Structures are given as C-alpha cells and as structure tokens.
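Peer 1: So you can see what is in the structure, the chains are spelled out below.
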Amino acid sequence: MKDKDIMEFRWHGRGGQGAKTACLLLADVAFTSGKHVQGFPEYGPERMGAPITAYNRISSERCLVHSNIYNPDFVIVIDETLLASVDVTRGLKETGAIIINSEKTPHELRTLLGGYKGKVYTINARKISEETIGKNMPNTPMLAAAVKVSNVVDSDNFIKDMEASFRHKFKTRPHVVEGNMKAIKKSLQEVCAG
Amino acid sequence: MGKKTRLSGNEAIAYAMKQINPDVMGAFPITPSTEIPQYFASYVANGEVDTEFVAVESEHSAMSTCYAAQAAGGRAVTATSSAGMALMWEMLYVTSSARLPVTMALVNRALTGPININNDHSDSMGARDSGWIQLYSETNQEAYDNYIQAIPIGENGKVRLPVMVCQDGFITSHAVENIELLDDEEVKKFVGEYKPENYLLKKENPLAVGPYDISNYYMEHKKQQAEAMKNAKAVILSIAKKFEQLTGRKYGFFESYQMEDAETALVIIGSSAGTAKEAVRRLRQAGKKVGLIKLRVFRPFPAEELAAEMSGVKAVAVMDKAEGFSACGGPLFAEVRSALYDVKNRPFAINYVYGLGGRDICVEHFEMIYDNLFEIAKTGNPGEVYRHIGQREQEGDK
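Each protein sequence line maps, in turn, to chains F and E. So in our numbering, the last spot in the first sequence is 194, and the numbers never skip. So in our numbering, the last spot in the second sequence is 398, and the numbers never skip.
By construction, these hints were calculated from the structure, which means they are not laboratory data. These numbers were taken from a predicted model, which means no experiment stands behind them. We treat Cβ as the ideally placed atom computed from N, Cα and C, and that holds for glycine. Do not rely on the hints blindly, as some may be mistaken.
[As the list claims (entries may be wrong)] Partial pick of chain F residues on the chain E-facing surface, computed with a CB cut under 8 angstroms:
1) Ala-27
2) Asp-28
3) Phe-40
4) Arg-62
5) Ser-67
6) Asn-68
7) Pro-174
[What the hints assert, rightly or not] FRET-style restraints, in silico, Cβ to Cβ:
8) E/Lys-250 - F/Thr-111: 53 to 59 angstroms
9) F/Asn-151 - E/Val-56: 48 to 54 angstroms
10) F/His-168 - E/Val-56: 31 to 37 angstroms
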C-alpha cells in the first residue's frame, strides 16, 4: 500500500467517555463508504476516568500492519484535562491536525501543545451534546468533528449513514436518534479552526 | 455467496460458532476471550442456535464439559485464554488422548506472571505437547476461516484430535477490521454432521471412555495418537483445498510471502506477520531480496515443507512471541532450527523473542532484523543467536 492511501487517527479520552465507541463508529462509517478499516483500543487495566487511547487506520486496500500508531495524521482529544498529563501531540504529523473538546479557541490551546506546528481545531462537544442529546456525551460531536476535519468520508454521506445506523441501534427510542443527529449536524458546522 | 462486513476477531469467532451450531459450549470467561462466550450466549438466548450452553465454575470444568459432550457423541466448543487454558491443563491431555475432536478458540494472552492481560503466545506454546492441533491466525478473517476448517480437520476419521484456533489477544480479538463471511448454509454444508464411529450414547456398542490404561497398552495408544498427528497433515491440506474452492481464500501449513528469490527471511506466527510484511514491501522497494514465512500450523509441525521453503535462503530470523526459558531460544526457534538440520547448505538461523505481554513490535523493528540478517549473510558470523527485541536494557546488559 502506498503511504498516501492511508489515514491514521489516535483518540485520547478517559475511561467511560466513549473514546472506544467513537473509534469503532469511525471504523463503521469508513467501512460503509467502501474503505478498509482498523479500529482498536489500547488495553490495559480498565477503570473509569483513567486515560485511554484508541486508534483507527482507514485505507483503500487492506492494511496489514498490526502495531499501534505512532505518527498519526489526526489526534482527537475527548477530554481537555488530558492536555496536562498526556503528550497528545506526540508523533502527530505537522501536515495533520489535532481536534480538542474545549470551549476555548484553538489559539488559546496552542500554548499547551508543546510547540505543535500543525492545525489545531476545537469544538465545544460538552455544550453541543448537552443541548442536543440532553447530557454530556462528547463522543458523537467528536466523531463528527473528526470526519469534518479529516474528510475521511464525505460529510453528507456521513450524515446519511449515521442516521441509518442510529435508527437501527435505537429502534425503540426514536428521540435518541433525533438528539444524536442534531449533535452531528451542529458539530459539523461548529468545529473551529485555528 | 459471502457477505462483506466488519467485525472484531472475537465477533468473527462467535459468528463462526453460530454458523457451526455446535451441540454444546462449555466456557468460563477470561480476558481477552470473554466476548466469545458472551456473544455466543446471546445467540443461545435468542434461539439462533440449538446449542446447550453450560456455564461452568472453572475452565477445568469447561474442558471437562466439552470432553463429556464430545464423548457422548456431540460436537463441543469452548473459548479461553492464558491462565484459563492453564487451568484446563489436565483435561487438554485427557481430551486429545481420548481422541475427542473438541475445538477451542484460544485468544492468546501472556501466561502470568507478573500478571498481564495482553498478548503473547506463552499460553499456546506451553500446550504444544498436549496433543492438540494448533492453527494460528494473522487476522480476524483467518481466525474465522480457521475455525470453520478446524471442525472437519479434527473430526476426520484418520485424525480424531482436538483443535485449538489461536488469534492474538486484543491485537485482532478486539480490533474491528473488514471481513468476508460465508452464508450459514455454506458453513453448515462445509462442517457437515458430527458422525463419530463410537460414542457413549450409542446403545448398540456400550463402551467406556477414559479408563485407566496399563503399561501393557499405554504406549500403543500413544503411538496411535502420534500417528494421528502425522495423519493430520494431509487432512489439513485437503480441507484447505476444499475451503479454497468455496471461498477463493488459500490456506496451507504456512504462507510464503515474497520467498521466490529471497536471500533473507523471517519465520513468524500471528498478527505481527502483517506488520513484518509491510517491512518486506518497503525493503523490496529498495531492491532488497527479503521474504517471510507465516506459520499457520504449529501442530503438526510441517518440518520438511518449511525446510524446503528455506533451502535457498542465506539467513533466517525465527520470531518467538513466547519465552521458553530454555537458555538457548524460544519454542519456534527450536523447531525451525531442528527442521533446518537436514538441509544442504542450510541458512544461518537466529532467534528473536519479541512482543511479550503485549510489547508492541513495529515495521522499523523488522527492517532492523532484516538488516542484521544481511550482515550475517555477508560476514558469515551469526554472533549470539538467542536474542530479544523491543525491551529496555539495563546498563551492563549485553
């Protein structure tokens, strides 16, 4: 496989915030668009609130590599407080981008990123999810932001696929579908570049 | 035919088991194989299979359940990992010596200690002398395909041995990747009905299973068991051929990757073979003649076939994801080097122990290993052949 045919993502979150679920959902939407996918969390002793990492490789041919990802194209930080304790930009390509769940602007956060020179995006996933889903569920907005920034799949197709997937998953709870779809559409618009 | 989807390795195995629709599952949960009985239990609860799910109090009982069910004339499956399989130890031997073709999904995990839940092959390598056939998988697809093939391999009248289908814990068991599934009917037809010659519930032929065996007979039984393992070689290949006709996916004792004109090569098992293939691709682009052999079948060990495949190579690195504490190399190294003994102009063989307890191995590590092999081929000096890679060194270590 040629290097340019592959996109690599690294997710940082805390146990219980849905980083693994977001990672698997990204694999799902990329698969639905005809890609080869890998979605895998890094496992250790699991506990609520502890930092966790998950990864995606998305490519046009099957990717054979089964190691962790050390030089991702995109990093997604679901919990802003991790910036203080985890080196989230480690190995991140400068041609890539980091997306952080925060109410702050990219400019305000850049100073916390150890001199990272690539693009920095922020999105207030907490606010968006509280307004649309009714509680702090940051992973759906973060997934939408990752799709928007990476363009790994087309945004319109992404909306369609997610709706179908939510309708299937929450057959008996249509209001959950509506809230999540609102969260996705709002997030696609509100992700903030800097 | 076939359905393209995406599943984790554990989902793939559970789905294969669902399509096989065995008579009995005896299982006790242990990370990272827990999801297999978990998903399978939901198939049972939803009435999607006819299987009797026996929730036991330990892995020793899980294997005892499978043994008893299979002896009664049923088809039994289980799933486990690491210390779970270690607790089955006695029953592994009892099952293989009673010639009961139970199948097991083994999700490879380091065998304690210090306690660790991540991947290496110390659990299955420890069981290499238990009389079980061992098939290893690089991907979720191979885990699925191997499990379906395991049934007719083990149940073949010339074999009648249990089979463990191994995949790497977390690395493939918990990673979602693309996969192509067979139709239920195709799997049903491929595995057929389990029709043992004799079994406990056959009233025309009352028999005992597992009685004491006196010295006067024991060795004959062991010799028969050894012959069965030898017979398994031809059966594994013929089942692979049938599977290829059905799916187009080719299997053998091992996969040869870029071996035609290779001057240096790796022998490796499991998911890291994919990572090593990427190193081969990069080095081939740079004009280096490198190749790789990914071993699928470790028991029976395809010694002659492997030796023939390596006969033109100058130097080979054997990769062990298990530390055997032999003080002279890992278990795969011992087998491969032994296989090379009869080769004229045999290549230099070195050993790397890697990936213990989930230690990651990357493309760059493999590139370095190939560099070392070329150096050995050039200088004719292999140096210390028993090596470890990927670990931190203390000052003063070699």
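Peer 1: Looking back at the numbered hints, which does the structure fail to meet, lowest number first?
Peer 2: 7
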